[in-house]
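Given the structure of chain A, go ahead and fit chain B onto it with the hints provided.
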Amino acid sequence: MDNNTFFYQAFVYLAAAVLSVPVAKRLGLGSVLGYLIAGVVIGPFGLGFVGQEGQDVMNFAEFGVVMMLFLVGLQLQPELLWRMRMPILGLGGLQLTITTALVTGIGMMTGMPWQTALAIALILPLSSTAIGVQTLTERGLMKTPGGQGAFSILLFQAIAVIPILALLPLLTTHAGASVAPTTDSQALAGWQQTLLVIGTVGGIVLGGQFLMRPIFRFIAATRLRESFTATALLLVIGITLAMQKVGLSPALGTFVAGVVLAESEYRHELMSTIEPFQSLLLGLFFISVGASIDFNLILAQPMLIFGLVLGVALLKCSVLIGLGSLFRMGLSQSLLFAFALVQGDEFSFVLFSFAAQSQVLSERLAGILVAGVALSMALSPLFMIAYEQVIAPRFAAPASRDRPMDTIDDNENAVIIVGFGRFGQIVGRLLMANGYRITVLEHAPEQIDLLRRFGWKVFYGDASRLDLLAAAGASQAKLLVLAIDDPEKMTQIVNLARKHFPQLKILARAIDRRHAYALIRQGVDRLQRETFGSALDLGIEALKLLGMRSYRALRVARLFQEHDQEALSEQALLAENETALMARSRQLSQDLEHLLQSDNRDLPNHIDRAWDISSLRQPTEDPR
Amino acid sequence: MINGCENTASLTVGYHPEASPFCTSVPLFMAGSHSILILFAHPALEKSQVNRHLIQAVTQLNSVTIHDLYEVYPTFHINVKREQDLLLAHDILVFHHPLYWYSSPALLKEWQDLVLEHGFAYGHTGTALRGKKLLSAITTGGSAEAYSRRGYNYYSLRELLTPFEQTATLCGMQYLPPFVVHGTHLLQSQAQVEPHALAYRRLLLALRDDRVNWLALQPDRYFNQQLDQVLEPVETAHYG
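Chains as they are written, first to last, in our numbering: chain A, 1 to 624; chain B, 1 to 240.
Okay, chain A solo, but in the shape it has when bound:
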């Protein structure tokens, strides 16, 4: 590919994405449909901007799927997987087993050999994680029982892909066919192959657990963002190469690596680093799917393919609705999750081409199936629109009534604490002691190590980056507690959060008076000067040792505090007008001068008026 065609192609793909996705989203069709339509438009059956080389692009863009599974893995700590085991195994297992059995039966009835029927039946029940999760999230339906059920099934399928990949080559109807043409390990015997697989996966688990964390810590200590990005990409690409070498799915490898690293402090940073690449590549992938839909094939056998699409959709829907009522979801929720999962899986493109390579399926059959899956993906957003327009309104009341079912923890904590030094820790400990779960972002690797040793969930990352805040769950959180030392950085974070997560209440720790002024002007919701509270407490102790009753000492201190707080808010607005050139020390001494002038020395004498009986003497001495 020379430079000209490379840039030309990049231009065409990016322009298609930039033009079609916003339009599709505006029309309520979702981004996936936008990409697919863009692909059809620029493809050989549309405007013909891209032709045969679309296949190359698709191969490259499949890497987006690999990255997606890495990200799915990152979101799945072993603990979370364990807590969701019932819906995952129950719903997911039954969905796959029942649908596979039915499709196999139907396939055999049409006269296919059982191997072929089974191979197809293993792939068709899969549903697209990308489309399913994206459409549910876009519509805010992820938290409903139906949404959670759909997510459980998608999780099970993500894991089930692994044994399916292993199983497919065994279903070949051609004697002597090799496992996968691309591997170097075809000469090995079955048990050697098995050992190799176990060894590789084990290597990823152990490497992720013991090797990657020190490496990431070393890289993080350099504080160079691009080296972290490079390391993250290197990790994903390295695993991909290793897995291809042993003839396994790269997606499986990165998924396992993701799960292993989900426990690590670099989880959010990794997610936010990989995510842009993943979304871009996945978009590219959807475009190339659209471009590669073989309309000639569809036009040649329209009844067969549309029949296939509708038949499979009908079958999946019935199985899912049946399961929904088995798991007591209520009809509206069953319909929701059935409609969210009708589409085929992007992974089935990989599986079908793999099956074709392994000569389990003929190229022609695989082509028909791929066209069918692509069509079903293109149609699935329409199903969701149908659900929203036709079905959901009828069930409006019951749906909201049976809403809170399972509390599946998705790691979206209500509080994000940025900076976990001396200050942030106290806030965090208080919240944790009262049963609130918190997400902590910290940028000092040494600090993270220490806290992790004591069992705290602390994540590495620079919170002045929008993507990292988003990965930490800022769009769902309620509070953002800022307890970092760097005033400039805090200003950046406040601006970012105000702009992108307006629902967040911001609680900030100010370094000193000047910093407090700046934060007040930025409109943080709550503010605490880091030394003020403790200095006030020590002042109370001093007053008590000087002979003041402790209740009075407390009250005069509170009064002083109120007074000072008022002065702070007033002067915050004054300080805005001062020239920025004024030397800082001069500013601070001027602040102090203002303060001393405004301190009313008689103020404490006013507090006990209610209990002062001297004023009562006059009237009572006077006989009435």
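Some clues are possibly wrong.
When the alpha-carbon atoms are kept at most 35 Å apart in a straight line, the in silico DSBU-like pairs for lysine-lysine are as follows [what the hints assert, rightly or not]: (1) K133(B) - K544(A); (2) K478(A) - K499(A); (3) K25(A) - K47(B); (4) K25(A) - K478(A); (5) K544(A) - K47(B); (6) K81(B) - K47(B); (7) K489(A) - K25(A); (8) K505(A) - K489(A); (9) K81(B) - K132(B); (10) K133(B) - K47(B); (11) K544(A) - K109(B); (12) K505(A) - K478(A).
Hints listed in this document are in silico derivations from the structure and should not be mistaken for laboratory results.
Predicted model only: the values in this text are computed from it and were never measured.
Frame of chain A, contents of chain B only:
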């Protein structure tokens, strides 16, 4: 933790820097001796000459614990367990406070709300206070006449104290006639205050040493109005 003195610092009244700790209870197990807990509540003791004298008169008596609530709990954050342990360790409770709006200062009310728990002070299993005695030691700015049908407070002090009396009854405690100092606005010189302080001390010592003739006690008069009639003479001085 028997007498609540494990933390003397928190029981210190600080209006005199050189003042000795109020917590003076020394376990003294002698026949006919009761332990007394004074729950003292005054938010601005530095402004009350009368209460300062009253408290000083009963300071450093054996078996008498002075618990200065506003000094110990300026934030109103009451340690319930500790307070209940203190109650268990004493036989006679004294609510010592000025009368504010016909009741106690806020902190003593908070103390009642939190410490006199169901299951501890009342209810089927709440028997911890049964058989103990409760004395109200009250100072009022208004004169005695003000607390009568002819006065501007209309009700008598005994009537106004019925919430405390009923509290004692519900907890199975005997409510004693109150110790009352009226017209604190008019008591200015040491000489005017001194007799009240001595009477307070005399009453507490008699209660401690069980020298009260209960049969002679008239429930509808103030305790300090009938000291001479109901207190048995001191045989051997037990002062201090």
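Evaluated hints:
1. K133(B) - K544(A): 34 Å, holds
2. K478(A) - K499(A): 15 Å, holds
3. K25(A) - K47(B): 73 Å, violated
4. K25(A) - K478(A): Cα-Cα ~27 Å, so holds.
5. K544(A) - K47(B): Cα-Cα ~16 Å, so holds.
6. K81(B) - K47(B): 31 Å, holds
7. K489(A) - K25(A): 34 Å, holds
8. K505(A) - K489(A): The given pair, whose Cα atoms are some 18 Å apart, holds under the 35 Å limit.
9. K81(B) - K132(B): 19 Å, holds
10. K133(B) - K47(B): 30 Å, holds
11. K544(A) - K109(B): Judged against 35 Å, a Cα distance of about 24 Å means the pair holds.
12. K505(A) - K478(A): 6 Å, holds
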